[in-house]
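Can you build the whole structure from these sequences, using the hints too?
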Amino acid sequence: MEVMSPLDSIDSLLFSASRALCTPFAVFVQIQGYVICLLLAAGWAGAAYVRNREIRQMKKCMKDGNDFAFLSHDLHDLEHSKQIQLPGVTVVMPLKGFGEHNLHNWRTQLTSLYGGPLEFLFVVDSTEDPAYHAVSRLLLDFKDDVDARIIIAGPSTTCSQKIHNQLVGVEKMHKGSKYVLFLDDDVRLHPGSVGALTAEMEKRPEIFIQTGYPLDLPSGSLGSYCIYEYHMPCSMGFATGGRTFFLWGGCMMMHADDFRTDKHGVVSQLSDGGYSDDMTLAAIASAHKRLITSPPVAVFPHPLASDLTFSRYWNYLRKQTFVLESYTTYINWIMNRALFSVHCYLSWGFVAPYVMAFFHVIAALRFYMKEKVAEESPLNPNGLILVGCLVTCTAIELLSMWNLTRIEVRLCNMLSPEAPPLSLSAYNWCLVFVAMVVDNFLYPISAIRSHFSQSINWSGIRYHLRNGKIHKIERTMEKGKKFSDLAAKRLYARKGAQSKISILGSLSRGLAHWRQPKKYDV
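By the count of the UniProt record's numbering, the sequence shown reaches residue 522 at its end, each step adding exactly one.
Keep in mind the hints are simulated off the structure, nothing from the lab.
Some hints here could point you the wrong way.
Stated by the list, open to error - Keeping only pairs whose Cα atoms sit at most 25 Å apart, straight-line, the calculated BS3-like set for lysine-lysine is:
hint, residue 1, residue 2
1, K82, K178
2, K59, K203
3, K82, K203
4, K60, K82
5, K143, K175
6, K82, K175
7, K203, K60
8, K203, K178
9, K263, K178
10, K263, K172
11, K469, K263
12, K175, K263
13, K203, K175
Spelled out as structure tokens, the structure:
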């Protein structure tokens, strides 16, 4: 009896695995993965159509002589008689820490070309936050050009620090404000963003919340591409050009009176153990059948940290999956459980064909490398056919993702003509593919861990949930060189550290005069 060598034993196992992966159930799993790829491609194609339609509309306006189409499609809306009638808007920015892109992001927010009364409230928990000193220097650059101030909110006790900062900002907003716009510090606004959001609110008073979504600009690391890939499937839900069921907490415009009167319990539900602002408000909108919209121009460049490590990506993913553990009502809990289950199923359903294709390819390579070939082939040729189908579906998916990214880059460049143009050449599509597999493999693991841990560390604060709400807050991290996940933000100031003076002060003052919004009359 001939003894098989170790290599022959491995080959035999590979051939057996490849044949097993050609059984009806295995084929079904692989076809299911192909369908997921094609559905994603179709969703991104639809999103690209909506964004491209806006580009065509802007080009048509420019061809008709409107050089300010990035502000408004109708040039008459920019006349002084129309501008003085615009409603007041308060922009509330809850801050935590200071990162490499924050200063530029804040400048784009402060230098909005909105013609109506506009105030900016930068809200921090204490003067020890590095963001406090950075914003203080920035406001000195602008001096009296904008209506902006810093508010000290103090530490949160019943909800997340971000929600606490938002609610304190709402309390301090100008009594004449008709709308409140919540922005994260990583949002890079276009000159006409505030005006576009406000115009839609004025046009459709039934809107409860207007939102937008970021266009991630990966820095080159695998972690940054994983975040880009994580956001891309969600982006199709925001590129509807109108009604959506999704809400992004980085950009939310609402009626100010909804907070003054606690309509639908927006204030009480946020403050009573609220962890995620967007998930809580989306649940309120769903429960009361209120309208959430996302205009086609609400896509914002989001540069990721140049040193975004894979561990920081993992921490970010943990925070994203943890929001599914927070809820306000029983119906909201059911929806979150359904989203949890579907997302986990689709994520691993997406990854499974690639794992199976790996065995098919290795088995085929070993088969063709063997010197002696048996009369009856141990390799099922259908395996390579399945691999070919997967390659085709993956190519279609990546092409659709590339096309949507290309169109959103072009749209962002048109909406911010004064900014350095974004470029699609910076994207590494081989890393995008790797990130797709890695992110979808890790998502269920992160979601399951979040479900069983019921606690999360967010910007140096650990939150513990009970029955979907925050019941315990721990602030135990030592001050020092502690960073957040996406933007390499320093979360705590070092004692005795001196602040650097901005070298762009003179340029920013000039820009402020060019893009100067109105202030409230006091």
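Now the hints, each set against the structure:
1. Note on K82 and K178: the hinted pairing holds, with a Cα-Cα distance of about 17 Å set against a maximum of 25 Å.
2. Proximity of K59 to K203 is assessed by CA-CA distance (about 23 Å); at most 25 Å being required, the pair is judged to hold.
3. Between K82 and K203 the alpha-carbon distance is near 14 Å, which keeps this suggested pair within the 25 Å criterion.
4. A threshold of 25 Å between alpha carbons decides the hint, and for K60 with K82 the separation of about 22 Å falls inside it, so the pair holds.
5. Between K143 and K175 the CA atoms are separated by roughly 23 Å; this keeps the pair inside 25 Å, and the hint holds.
6. Simply put, K82 and K175 have alpha-carbon atoms about 22 Å apart, close enough for the 25 Å limit, and the pair holds.
7. For the proposed pair K203 and K60, the alpha carbon gap of about 22 Å is at most 25 Å, so the pair holds.
8. Restraint check for K203 and K178: the C-alpha separation of about 14 Å stays at or below 25 Å, so the hint holds.
9. For a cut-off of 25 Å, the pair hint linking K263 to K178 stands: about 15 Å separates their Cα positions.
10. At most 25 Å may separate the alpha-carbon atoms for a hinted pair to count; K263 and K172 meet this at roughly 18 Å.
11. Proximity of K469 to K263 is assessed by CA-CA distance (about 20 Å); at most 25 Å being required, the pair is judged to hold.
12. Pair hint K175 plus K263 holds up; C-alpha atoms about 17 Å apart against a cutoff of 25 Å.
13. Simply put, K203 and K175 have alpha-carbon atoms about 22 Å apart, close enough for the 25 Å limit, and the pair holds.
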